[in-house]
Every structure is written in C-alpha cells, then in structure tokens.
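All chains, full assembly: derive it from the sequences and hints.
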Amino acid sequence: MASSNPYRSQRLAHAILALFTLTAVSPVIAIIAYLIYKGGGALSWEFLTAMPRNGMKEGGIYPAIVGTIYLVIGTIVFSVPIGTLAAVYLTEYAKQGRLTRAIRLAIANMAGVPSIVYGLFGLGLFVLLMQMGTSLLAGSLTLGLLVLPVVITAAEEALLAVPQSFRQASLALGATRWQTIRKVVLPNATAGIITGTVLAVGRAAGETAAIMFTVAAFFLPSLPDSPFSQAMALPYHLYTISTQVPGMPEEMKWGTALVLLLLVLCFSLTAALIRLRFRRKRKW
Amino acid sequence: MDGSKKVQLKDVSFYYGDFKALEDVTLNFEANRVTALIGPSGCGKSTILRLINRMHEEMGRTRVEGEIIMDGMDIYSRSVDVVELRSRVGEIFQKPNPFPKSIFDNVAYGPRLKGIKKKEALEGIVERSLRQAALWKEVKDKLDKSAMDLSGGQQQRLCIARTLAVEPEVILMDEPCSALDPVATQQIEDTIDALKNDYTIIIVTHNMQQAARISDYTGFMLVQETGEPGRLMEYGPAGKIFTMPDKKETENYITGRFG
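Top line first, the protein sequences correspond to chains X and D. The opening position of the first sequence corresponds to residue 0 in numbering that gives the first Met the number 0, with each subsequent residue numbered one higher. The opening position of the second sequence corresponds to residue 0 in numbering that gives the first Met the number 0, with each subsequent residue numbered one higher.
Any given hint might turn out to be false.
Below, in silico cross-link-like pairs of lysine-lysine (DSS-like), each with a Cα-Cα straight-line distance of 27 Å or less [claimed, not checked]:
1) D:116 / D:139
2) X:182 / D:100
3) D:19 / D:9
4) D:118 / D:144
5) X:182 / D:94
6) D:19 / X:94
7) D:117 / X:182
8) D:94 / D:144
9) D:116 / X:182
Covered by chain D, according to a simulated footprint, are these stretches of chain X (three or more residues, beta-carbon under 8 Å) [unchecked claim]:
10) 111 to 120
11) 162 to 169
If you are wondering where the hints come from, they were derived from the structure by calculation, not from laboratory data. Just so it is clear, CB atoms sit at the ideal spot from N, CA and C, and this is done for glycine as well.
Below, the structure is given as structure tokens:
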C-alpha cells in the first residue's frame with residue numbers, strides 16, 4: 000500500500016506540489032515567450048518613439064506609451080494618498096467593530112466590481128455630470144477608484160505588520176497617536192505600501208474597459224497637453240488595432256502587447272528594488 | 000521629596016471587559032526609591048504598571064475603579080492630559096524595543112516630540128541620557144549606526160536612555176531583564192541603582208533574587224483561586240518581605256514553594 004510508506008508518500012506529495020507550481024508559472028513564461036517570438040521583430044527605436052502613420056499600419060506607438068504613463072501617474076496621485084490614509088484610519092484609529100467590518104466588506108466588494116462598471120460610472124460621474132469630458136483627469140479618477148481597494152488592502156496589511164511594540168514605545172514616550180503614526184508606523188510600512196501601489200499600477204496600466212469611455216482616443220495627431228486632453232493608451236490602442244483596423248500588420252499588434260507587458264514589468268521591477276532597499280534596513 | 004509618596008493607589012480595581020483583573024489594591028510608591036512587584040504570572044503586576052501611565056487605554060475595553068494619585072493629582076481626572084502624563088511616567092518594556100532608527104535618533108525621539116530641534120541641544124541630551132544609562136562608552140563612536148545592531152542588553156539600556164531623555168519622574172519597568180543574559184542583567188541592575196537618586200522606579204520582576212537585590216520596597220501579589228482577581232497580599236520594606244513576611248502565602252512564594 001502506497002500510503003503505508005511515509006517516505007514514498009512524502010516524495011509523491013512533493014512531486015505533485017512541484018508539478019502544480021510549474022503549471023501555475025508556465026503560462027506566464029509561455030505568454031512572454033510567445034509575445035517575444037511574435038512581436039519582438041516589431042520593436043525598434045522608431046516603434047517606441049514615432050507617431051502612428053498610415054492609419055496606424057506604420058510608424059510607432061509613442062503617443063499610446065506616453066498616454067499610459069500619464070494615466071499611471073494620475074492613478075497613483077488619486078489612489079495612493081486616499082488609500083493609505085483610509086488604511087491608517089481603519090487600522091490605527093477606528094474602533095474595531097461592526098462598522099469597520101462593514102467598511103472592509105465594502106472594500107472587498109469594490110475589488111470585485113467588473114472594470115466596465117467602473118468605466119460607465121466614470122463616464123456618468125466624471126465625464127458627464129462633472130463635465131470633465133473625455134480626459135486624462137476623468138480617466139485617472141476612474142482608474143484611481145478601480146485600484147483603490149487594492150491600495151487600501153495592501154496598505155492595511157503593511158500597517159498591521161509594523162510591530163505593536165514600536166507603537167507602545169512611542170506612546171509611552173509621550174507621543175500622540177498621530178505623532179506615532181507619522182514618525183514610527185508609516186516609515187516602517189512604506190515598503191508594503193509601495194507593493195500595493197505597484198499592484199495598483201500594474202492593473203491601471205493594463206486596464207481597457209475603464210478607460211474606453213473616460214479618456215481613450217482611437218487616434219490623436221498630437222500628444223496630450225493638459226489634464227483635460229484625451230489621450231491614447233496602450234491597452235485601448237491594442238484593442239482597436241486588433242479589432243478595427245483591417246490589414247493591420249500582425250507584428251505590430253504583438254509588438255504593442257509586448258511593450259505593454261514590458262512597461263508593467265518595468266514598474267514592478269522598480270518597486271521590487273525599492274522594497275529590497277527598505278527591507279535591507281529593517282531588522283525586526 | 001525623599002521618602003514622600005510619589006504615586007498612591009487607593010482601592011484600585013481593574014477590568015478587562017467583564018473580567019476583573021485587579022481588586023482593591025491600595026499601595027504607596029515612595030519617591031526616589033525602587034519598589035518591586037513580585038508574584039506569579041497573571042497576578043496583575045504588569046497591569047498596575049499600565050494603570051500608572053494609562054497604557055491600558057490603548058488596548059480596548061477596560062475599566063478602572065478607585066484612585067491613582069501622583070503628586071496629589073488624580074491621574075484619571077479629566078484635566079490630566081494622557082500625553083503629558085506619559086512624558087512624566089516612562090516605561091521600559093519586557094523585550095527591548097528600540098525603533099529601527101539610529102542610536103542617536105532613538106534617544107532624540109522624545110525630545111524631538113517636544114519640539115527640541117537644535118542639534119547642539121539634542122546632542123547634549125543624547126550624551127547625558129546615554130551616560131545615565133551606562134551606555135555612552137560603548138556607543139559614543141557609532142551614534143549614527145542602527146540601534147538594531149546592538150546586543151539585547153545594549154538595546155535595553157538604549158531604551159532606558161530613550162526614556163531618560165524625556166526627563167520623566169517615574170520609571171516603570173516590566174521585567175526589563177527577562178530577555179537578557181546574567182551579565183546584561185547585572186548592568187541593568189547597576190543602572191537602576193544609580194538612577195534611583197533621581198527617579199521613582201517601579202519594577203515588575205519574576206526574579207526574586209533580583210527583587211531582593213535592587214528594591215527598597217516590595218509588594219507581593221497573588222491570585223488566590225483561578226478566575227479571581229489579583230490582590231496585593233503584602234507590602235513593605237524589601238528586607239522585611241524577604242526575611243520575615245507576615246503572610247504564609249508570601250513566605251511560600253519567596254521560598255519557592257510555588258509560582
């Protein structure tokens with residue numbers, strides 16, 4: 000009987016666990032490899048820095064890259080301060096009880112709302128009601144709302160990970176709660192908050208449905224010059240050239256997808272480096 | 000202030016939620032003396048410390064009955080600012096808990112809270128506090144290094160220096176040596192002995208020899224039956240408690256028959 004031999008069942012368990020891990024990781028590797036294979040040839044200096052020409056079929060995707068970077072910055076501006084402060088309130092100030100449980104449940108639910116719903120909400124509230132028009136501002140606000148639950152949850156976890164003994168030490172020295180938060184809790188939660196920000200940024204950069212009504216343009220002859228400008232963005236660009244441009248060269252589609260992926264990887268890498276630096280300093 | 004009453008507990012009872020943790024404790028802590036609280040785990044020794052700097056207010060639903068008076072003033076009256084109270088009553092915790100900052104920034108933390116910004120002023124305070132805590136010689140050349148790189152004993156003396164920098168009048172110590180080796184413990188005890196000229200020190204310890212060595216007064220606390228609140232069984236000069244206690248329970252405890 001197999002189960003009667005603990006060493007054999009242990010080896011079997013290890014093998015199965017390794018197999019499932021491999022299964023989980025391999026699609027990611029496959030996607031990256033496939034994108035490089037199909038779209039690598041499209042990557043060139045011109046592709047990254049030129050405006051599209053000839054109905055998108057030639058030239059580059061520069062305005063879409065710029066638009067996505069603007070949107071990412073806008074998303075960070077709107078979601079990180081609000082999300083962090085909300086998390087501070089929930090973990091450090093609010094009495095833990097029915098109300099905070101309800102708020103946390105609401106936040107968890109927000110994370111599950113489909114992005115197209117955020118898109119329509121943004122259209123209704125920011126674009127139409129608040130008369131921002133289809134603009135970077137409206138798009139950033141919509142994306143900011145979309146990623147807020149991710150930021151709050153990550154920031155809460157980061158704050159809770161700061162040892163209680165630091166808070167006690169600070170309070171016992173005659174610090175107010177707010178001084179304790181500012182001088183001890185937040186500095187030691189930064190790494191975790193950055194992680195949350197990156198997750199948010201990755202999501203914002205790749206989001207299509209939330210931006211299609213609020214900011215994205217099919218084609219613009221020039222770069223956006225104010226928060227009230229429309230902008231092109233990589234995911235929406237990818238969507239349109241894949242569905243609405245007949246005779247679009249295959250390589251350019253895959254190249255666009257590859258650039259989007261590389262951009263997100265770049266953000267993650269930067270954040271990972273920042274986190275590493277913070278972690279090296281901490282020793283508790 | 001020599002020999003006068005610095006902190007007085009009058010019929011103090013304390014509840015965590017519905018659980019009564021402490022009952023009718025009446026006790027005077029003398030100024031410029033070391034008072035040790037001894038007793039088995041869970042008898043409310045640490046709770047008494049928390050009541051004196053009101054740190055229990057940070058931990059959910061609690062209730063205090065009775066009066067705690069410091070320099071003639073009820074510290075639970077509305078006019079007392081808890082932040083100000085805590086800068087008058089410092090606390091050293093069981094496990095050394097320096098901030099993950101430099102040695103200098105750890106000691107300067109309290110003074111900076113009070114708005115002291117000038118470098119020379121802070122340097123003066125840091126040096127004085129570290130000298131008082133008998134740590135200056137070991138760290139004077141590495142004040143900008145992380146406090147986390149110090150040994151456990153050094154960290155605990157750093158925490159003492161950090162508390163001294165705020166210039167408290169009373170220092171609470173909650174088993175300050177329980178995480179330290181004998182040599183580090185000895186250094187902390189020497190520091191306590193040097194400090195008692197200027198401060199009122201209240202120390203909770205599980206170590207009877209330690210209580211006998213360093214305290215002028217000793218209180219013995221006990222939970223008599225499981226589920227009952229902790230009570231102060233006996234209180235008096237350390238010499239008397241450790242040689243001829245009045246109560247049978249005290250004698251049993253100090254001779255190691257239980258606890």
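Check: Which hint numbers does the structure go against, in order from smallest to largest?
Finding: The structure conflicts with hint 10 only, although it agrees with all the remaining ones.
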